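> Below, each chain spelled out in residue letters.
Protein chains: 2
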Amino acid sequence: MRSGRSKKEGVSIRVLRIGHRFVRDDRTITHLCLVSRALGAEAIMLEETEKELHDTMDEVCQRWGGKFQVLEEPSWKKVVLVAKKEGRTIIHLSMYGLPLADKLRELRTLNRFLVVVGGPKVPGEVYHLADYNIAITNQPHSEVAALAILLHELQEGKELKRKFNESRIKIIPQERGKKVELTY
Amino acid sequence: MRSGRSKKEGVSIRVLRIGHRFVRDDRTITHLCLVSRALGAEAIMLEETEKELHDTMDEVCQRWGGKFQVLEEPSWKKVVLVAKKEGRTIIHLSMYGLPLADKLRELRTLNRFLVVVGGPKVPGEVYHLADYNIAITNQPHSEVAALAILLHELQEGKELKRKFNESRIKIIPQERGKKVELTY
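Here the protein sequences line up with chains W and A, keeping their order. Residue 2 is where the first sequence starts when you use our numbering, and the numbers rise one by one after that. Residue 2 is where the second sequence starts when you use our numbering, and the numbers rise one by one after that.
Treat each hint with caution, since some may be false.
All copies of an identical chain are treated as equivalent in the list; a pair is satisfied when it fits inside any one copy or across any two copies.
[To be verified] Here are the simulated lysine-lysine pairs, BS3-like style, with alpha carbons at most 27 Å apart:
id: 1; residue 1: Lys104; residue 2: Lys159
id: 2; residue 1: Lys104; residue 2: Lys52
id: 3; residue 1: Lys52; residue 2: Lys179
id: 4; residue 1: Lys180; residue 2: Lys78
id: 5; residue 1: Lys104; residue 2: Lys162
id: 6; residue 1: Lys68; residue 2: Lys78
id: 7; residue 1: Lys162; residue 2: Lys122
id: 8; residue 1: Lys162; residue 2: Lys179
id: 9; residue 1: Lys85; residue 2: Lys68
id: 10; residue 1: Lys171; residue 2: Lys122
id: 11; residue 1: Lys159; residue 2: Lys179
id: 12; residue 1: Lys179; residue 2: Lys78
id: 13; residue 1: Lys52; residue 2: Lys79
id: 14; residue 1: Lys164; residue 2: Lys86
id: 15; residue 1: Lys180; residue 2: Lys122
id: 16; residue 1: Lys171; residue 2: Lys86
id: 17; residue 1: Lys162; residue 2: Lys86
id: 18; residue 1: Lys79; residue 2: Lys179
id: 19; residue 1: Lys79; residue 2: Lys159
id: 20; residue 1: Lys159; residue 2: Lys122
Read the hints as simulated data drawn from the structure, not as lab findings. Keep in mind it's a predicted model, so treat the numbers as computed, not measured.
Please model the complete structure; the sequences and the hints are all you need to start from.
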């Protein structure tokens, strides 16, 4: 975690989830949405969404503030191609990719990203359309964890201090116990 | 992510999960186990375990190498007290805690940890028994993500380069596509 650099203030990150099975991955999808929002992404795009997920995320945004979008985009390829046109760098998270440490310096010089998070089945084409295939370890673990570490490192830890506007609930950090400010 | 320091080589991290509801949290628990293993912890302790979880993790260790234990410990308090006796620092991850950045320098001077990951219901006593209550943002997101970022920062990124002994399957990182070495 580093501090003192201002260059990353204008970073824009969107997240795309590919190849998930909705029912089984229900909690994983919710976690991916929450992590994307909490760690500074502005939107997540999913091949399928359900009302319950939108309701959960709308409620989180109303209570905890900030702007975050959950978008249904049936064609992952369209999302990737549009992002490329917008000048976004496509980072595909895959355990088969190159270690984050090898590419981080290069990635930190960039500001606009589409982060692609693979599910159990990812089409081979994704590896070729991506600008970077990046592994957060070459061990099996969790796409939620991989996304978190990538977002954290891309933003050099600044995302942990992010302010969320117009929140109704705000935690006041404590050494012990809980302190919450509510505004209604 | 930093490199070049050797002080963290001897780090020993165990993880304790408190207050989970097994059925609902099934996938979350599996992800917590996989992340703990992949990011350098040596064991995870759970209040309840199921055969399927042990089978999954045994298979991962056999195929991907390294040593990692999943232990059933019905009394979280006993685990915390034993860890204290062993000289471990207890870090409780909680959205109500102090920002990681405020305590990271201090935490990095230490080597032996028990990381406590809260579930939906955490007894208030945990906040008082912990040496540190640490927040990975004060926003709602995912205990899997919070654990990943803590493990990553405690070990200064070194965990991403960790070698796993006696693996049957090994990924050779690639810029595009997949390359796997199998040994049987």
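> Check each numbered hint against the structure and report the violated ones by number, ascending.
When the structure is compared with the hints, numbers 2, 3, 14, 16, 17, 19, 20 turn out to be violated.
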